[in-house]
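Q: Below, each chain spelled out in residue letters.
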Amino acid sequence: MIGLIDANNFYVSCERVFQPRLEGIPVGVLSNNDGCVIARSPELKSLDVGLGTPAYRLQALQRQHGIELVSSNYELYGDMSARMRAVVDTFSPWVEPYSIDEVFARFDGVPDDELETHCRRLRQRVQRLVGLPVCVGVAPTRTLAKLANHIAKQMPAHRGVCVLRADGEATRALMQRITIDQLWGIGRQLVERLHLLGIHSAWELRNADPKHIRRHFSVNLERTLLELRGIPCLEMHDGNDTKQRIMTSRSFGRLTDDLGDLREAVRQHAQRGAEKLRRQRGLARAVLVFLRTNRHRAEHVQYNPSTIVELDCPTADSRLIAAAAGHGLARIYRPRHWFMKTGVMLLDLIDAERQQLALFDAPGQAVERERSERLMATLDALNHAMGRGTVHLGMPRGDAAWHLRCAHLTPRYTTRWGELLRVQAR
Amino acid sequence: MTDLTPRRAAMSPTPQALPYPQVRPRAGFSGFPSPAEDYEERALDLNERLVKNPAATFFMQVEGDSMIDYQVGDGDTLVVDRALEPLPGHIVVALVDGEVVVKRYEQHHGRPQLCSGNPRYAPIPLSDRDCQIWGVVRAVIHEYPV
Chain G
1 MIGLIDANNF
11 YVSCERVFQP
21 RLEGIPVGVL
31 SNNDGCVIAR
41 SPELKSLDVG
51 LGTPAYRLQA
61 LQRQHGIELV
71 SSNYELYGDM
81 SARMRAVVDT
91 FSPWVEPYSI
101 DEVFARFDGV
111 PDDELETHCR
121 RLRQRVQRLV
131 GLPVCVGVAP
141 TRTLAKLANH
151 IAKQMPAHRG
161 VCVLRADGEA
171 TRALMQRITI
181 DQLWGIGRQL
191 VERLHLLGIH
201 SAWELRNADP
211 KHIRRHFSVN
221 LERTLLELRG
231 IPCLEMHDGN
241 DTKQRIMTSR
251 SFGRLTDDLG
261 DLREAVRQHA
271 QRGAEKLRRQ
281 RGLARAVLVF
291 LRTNRHRAEH
301 VQYNPSTIVE
311 LDCPTADSRL
321 IAAAAGHGLA
331 RIYRPRHWFM
341 KTGVMLLDLI
351 DAERQQLALF
361 DAPGQAVERE
371 RSERLMATLD
381 ALNHAMGRGT
391 VHLGMPRGDA
401 AWHLRCAHLT
411 PRYTTRWGEL
421 LRVQAR
Chain U
1 MTDLTPRRAA
11 MSPTPQALPY
21 PQVRPRAGFS
31 GFPSPAEDYE
41 ERALDLNERL
51 VKNPAATFFM
61 QVEGDSMIDY
71 QVGDGDTLVV
81 DRALEPLPGH
91 IVVALVDGEV
101 VVKRYEQHHG
111 RPQLCSGNPR
121 YAPIPLSDRD
131 CQIWGVVRAV
141 IHEYPV
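In order, the protein sequences belong to chains G and U. Residue numbers are given in this note's numbering: position 27 of the first sequence equals residue 27, and the series is strictly consecutive. Residue numbers are given in this note's numbering: position 33 of the second sequence equals residue 33, and the series is strictly consecutive.
Keep in mind that the hints were calculated from the coordinates and are not lab data. Be aware that one or more of the hints could be misleading.
Derived contacts from chain U toward chain G, CB cut-off under 7 Å, selection only [said to hold, decoys possible]:
1. A55
2. E63
3. S66
4. M67
5. G98
Under 10 Å between C-beta atoms, here's a sample of chain U residues computed to sit facing chain G [to be verified]:
6. Q61
7. G64
8. T77
9. L78
10. A83
11. V101
12. G135
C-beta: ideal position from N, C-alpha, C; glycine also.
Sequences and hints are given; from them, build the entire structure.
A: Next comes the structure, spelled out in structure tokens:
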């Protein structure tokens, strides 16, 4: 069985661990640069504040309801994410981070009747050790695990854990209540087209004819359908999933402790990721870089760091993304450790079309963005016509001055000595 | 095509020196292996001593003198471990009315309370306030101005 462990309102929850006064009040996390809401507490959601709402539009609500707005603190979130993963690691032999606030974990070897208890313990343990509330969805396939997680979050009766089997009365009852727009990888257009076929619920999609679905839609939708039946079709690195994050990673053929090797790999991952990002016409706000040692080599010192570097502006420019990734690598690399794997994840993706970007542009920024878009289009065209890697980037210096804009940053409680939480002895 | 790529594109990435001190002990003259080299992996590591549960360990800085009788002073760094079960006698970090405080966890006639190490501060009963233990203080680091 596969579990999806997902933190509730992750960014806000991270802030609340260190600022208990934020508990129970509407909290919004802002992007530093364009000043819009990128994460919300449940209280803020219930005030009908949508994702992407510009901060200045919240002024009236802020006075009326006492909304708290904080800048995104990626360094803190990255560290808390690593801690969450470390706890999940103690419950599963195989853990794969899926995004900053979600990890997939296999629970092979846990007897079926102990699965729910196991997951409840995991959930309590993450809450206790790291302070983050999480929900756990467990099922035979990733699509079902994602759905189970959704159910665990939405239906309080599950108390944060939902084990979903492929068949059975309970599964049928749940899937009949889930509309297809709540499914993983199904966008609005697809929903409308499926409605025309009379498919509204997850259960109806599950029972549709796979061949018909493939012919009229895509292989991807057929896979989703089969996954809903409990037949695993999706692996981690399938490009199928919806556009919330892009991960590129690979294991090295041999273990390496060489910074040159790592820089080269990170550079390639960053470029690959940026390419994928442009193909889906997205922009990223932040870049996560991670390194892994081989946990099966007990004689080696284990070191599995990750860090997040925020981008000045949402971008799909390979140069900026590679530079950010290189900077992240320099931050976490330590010599004399044998690394097995490195990867780059693009986070907090938004659509390039969203015109509100322009609202916050500094003078000249629009011109700069346009130039960057043309350059990247040229690069993609060349690589497409003449083969991948025809034109690629060198690695910017990791020690180059790096500017982060941290307008209203909360302290980086866990990664900076100068910003530790002040505990009162008065 | 040069305008498509930064200036360093043609070169392979060069490893950069990092601002980590080289801790590897070395004998005075080159060419001779240091007799200490075999032991380098065994250097004492304060993390190993103070941090038993890395995922659950947080550092915090003390403000105020209410815990001075327990040798917890203003400006000290606390090593707080959330994996530990709080027991009477533990120094703990707690949330009291939305504030983060350091106190001693005690039982008085079977009733849990948070006490200070300074007679000027009254104990806080755990039951009748909005309070909650955040983590157990495993160690206090006091640095001298040297």
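Q: Honestly, which of those hints from before does the structure not fit?
A: none
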